[in-house]
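Chains as they are written, first to last, in our numbering: chain A, 1 to 355; chain B, 1 to 249.
Bear in mind the hints are in silico, worked out from the structure with no lab data behind them.
Keep in mind that a hint or two might mislead.
What the hints assert, rightly or not - Partner residues are not named here, just some residues of chain B that face chain A (Cβ under 7 Å, in silico):
id, residue
1, PRO53
2, TYR54
3, ASP82
4, TYR136
5, ARG137
6, PRO138
7, MET170
8, ALA173
9, PRO230
10, GLY231
11, PHE232
As the list claims (entries may be wrong) - Using 20 Å as the maximum straight-line C-alpha spacing, the simulated SDA-like pairs for lysine to any residue come out as follows:
id, chain 1, residue 1, chain 2, residue 2
12, A, LYS344, B, GLU172
13, B, LYS229, A, LYS203
14, A, LYS263, B, GLU172
15, B, LYS229, A, VAL73
16, B, LYS229, A, THR144
17, A, LYS263, B, GLY234
18, B, LYS229, B, ASP205
19, A, LYS263, B, VAL236
20, A, LYS203, A, VAL73
If you're wondering where the values come from, they're calculated on a predicted model, not measured in any experiment.
Yeah, the Cβ is synthetic: ideal placement off N, Cα and C, and Gly gets one too.
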Amino acid sequence: MAQERLLMKGTEAIAEAAIRAGCNFFFGYPITPQNEIPEYMSRRMPQVGGLYLQAESEVSAINMLYGAGGSGVRVMTSSSSPGVALMSEGFSYIIGSELPVVVVNIMRGGPGLGDIAPSQGDYAQMTKGFGHGDKHAIVLAPSTVQEAVDMMALAFDLADEYRNPVVLIGDGLIGQMMEPVVFPATAPKQFDKSWAATGHKGKDRKIIHSLYLEPEELERHVLKLFRKFDAMEAKEQRHEMFMADDDPPIMICAYGTTARIAKTAMRELRKKGIKVGLFRPITAWPFPNVALEAIVDKTRSFLCIEMNMGQMIDDVRMVVRGRRPVSFYGRTGGVVPTVEEIVKKVIEHNATLGA
Amino acid sequence: MDLDLRRVVVLTGPYGSGKTELAIGLALGTIERAKREGQQLRVALADIDVLKPYFRSREAKDQLREAGIAVIAPPGGLANSDLPIMAAELRGTIPREDVTLFLDVGGDPVGARALGSISDVVQAAAHELLLVLNRYRPFMDSCEQVLETARQIEQASHLAITGVISNTHMLEATTLQDVLWGLELSREVASALGVPIRMVGVPEDLDQDLQMKPTSDMPPVLRVRRFMKPGFLGGVVLAPAAESARPQS
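One chain only, chain A, in its complex shape (with noise of 0.2 Å):
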């Protein structure tokens, strides 16, 4: 029986995954439903040469992975919700400075303390609201654990190849529920990491920052920022179609935990006779606009689901542009829809598209 297969937990498989992928530095600071990250992470590190550290805040935890990062490290922190919150200076920093970090967030309850149950309401948060200035960063968005184990290296890699720090969300659920997991056996991509600073001796200066005090400068140094997010745009794109073959007249949106609960209710659906297909965003920044685009034509309503109280739905809109309805179902709070609420809503809305 090979080792290589795991029962793990969301959160394990993510620690593992990114030890794997070659991130030897884990700085964060504990918070429901994520402790297992920094847990593991405490374990494993010390195994594999790495350093694990308890940061006395979230916020202390990110200007750490600004000082990692910025020593050409694969570095990494985990949090939740709240706890990401506090990170939103440091982040801009990371991503004004070009380095390359993972953040993780497995999102709960809000707002404020909220709860620790199931959630999405960090969409918003993390593809648009994480932190101040012009930027963006990649959002990677898993619904299986598999997925995320296999997101972790690719976590990595986008963060080198850019130079600009790479987000992975899931929702509680996908922290904490057990499936089994295969780790791919490639070993970790290698970048020219010539920028890095790591000791003048012998050495350029390098200086690494993200204070630009002349405007000029600053526009120029946003605008080389920007040609990197318009290649990201370009290229990163990504996205599922399931159940899309047949031009199904409803397109169910959802990512995460959601689009799996939407997949159950699909399948009941289609027995039922119904028509309907999954558009899942994999990233939610840069969010799959083309791939949407191809199919608005061909698509009589979109039914955004989350687990929040409508935030993709924003992005879904920006792309369908008023040429077709596009509604909206959730639940919010941590409570998780069910599949019998989700096939419920489809028939309902079903009936209002008429022959």
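Start from chain A and add chain B according to the hints.
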């Protein structure tokens, strides 16, 4: 199958090895057998898991209570918190000779620490402390590693392990080979601890016929049903009741 369990059964072991599923399954099995045999039996399940935030046995409390099992867990909204709380009534329930009690303990030595705070009453009762093992979980690479965890669990709980439950599985993907592969490690661990293997957990939906012939050294087989999975995968947890429609619609 009559396992002849002691009155207080405590399930402990590494994080994520299946203690909660077994606690629920054993409690249900015990009360069903009592009903079949026309016995009046009080069965209780105490959830003292202070580690994991989801998939705790308290989330199946409706199903358990419906079956006639008393659920001892933190009250009200506190049940949904990640605070290290133990229900007050537990200490008083353990000595009660008329209650058959299953104790679902948090994983690892950290989880066993909660057990340590009631070890005096557990020790005084007819009890068994069972170490649940799933070889497919992380940090199960060697017998030595498991023994180290077991030693730390004993230290934290102030109780001695009295038996092992071999519970190696891969959820729906479990094969008979997996079960037997896990049993090898459990045998090694049990033998090093000088305790018996009390049972082998086999997923209920494993349709491969169990070729485990009841030889003299074959432990009893316990068919394990999986309750602790998300509602959309057919589990009982993290799903609101069917009719709890969204308040405003």
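Cross-check of the supplied hints:
1. PRO53: holds (5 Å)
2. TYR54: Where the cut-off is 7 Å and the nearest Cβ of chain A is about 4 Å from TYR54(B), the hint holds.
3. ASP82: Holds, because the Cβ-Cβ distance from ASP82(B) to chain A comes to roughly 4 Å (cut-off 7 Å).
4. TYR136: TYR136(B) check passes; min Cβ-Cβ to chain A is 4 Å, inside 7 Å.
5. ARG137: holds (6 Å)
6. PRO138: holds (6 Å)
7. MET170: Holds, because the Cβ-Cβ distance from MET170(B) to chain A comes to roughly 5 Å (cut-off 7 Å).
8. ALA173: holds (5 Å)
9. PRO230: With a closest approach of 6 Å, the PRO230(B) hint holds.
10. GLY231: Status holds, d = 6 Å.
11. PHE232: At 4 Å from the nearest chain A Cβ, PHE232(B) passes the 7 Å test, so the hint holds.
12. LYS344(A) - GLU172(B): With a Cα-Cα distance of about 28 Å, the restraint between LYS344(A) and GLU172(B) is violated, given a limit of 20 Å.
13. LYS229(B) - LYS203(A): Roughly 55 Å separates the two Cα atoms, so the pair is violated.
14. LYS263(A) - GLU172(B): holds (18 Å)
15. LYS229(B) - VAL73(A): Violated: LYS229(B) and VAL73(A) sit about 37 Å apart, past 20 Å.
16. LYS229(B) - THR144(A): holds (14 Å)
17. LYS263(A) - GLY234(B): holds (14 Å)
18. LYS229(B) - ASP205(B): holds (14 Å)
19. LYS263(A) - VAL236(B): Given that 20 Å is the threshold and the Cα spacing comes to 19 Å, the pair holds.
20. LYS203(A) - VAL73(A): Given that 20 Å is the threshold and the Cα spacing comes to 18 Å, the pair holds.
Hint compliance for this structure: hints 12, 13 and 15 are not met, and every other hint is.
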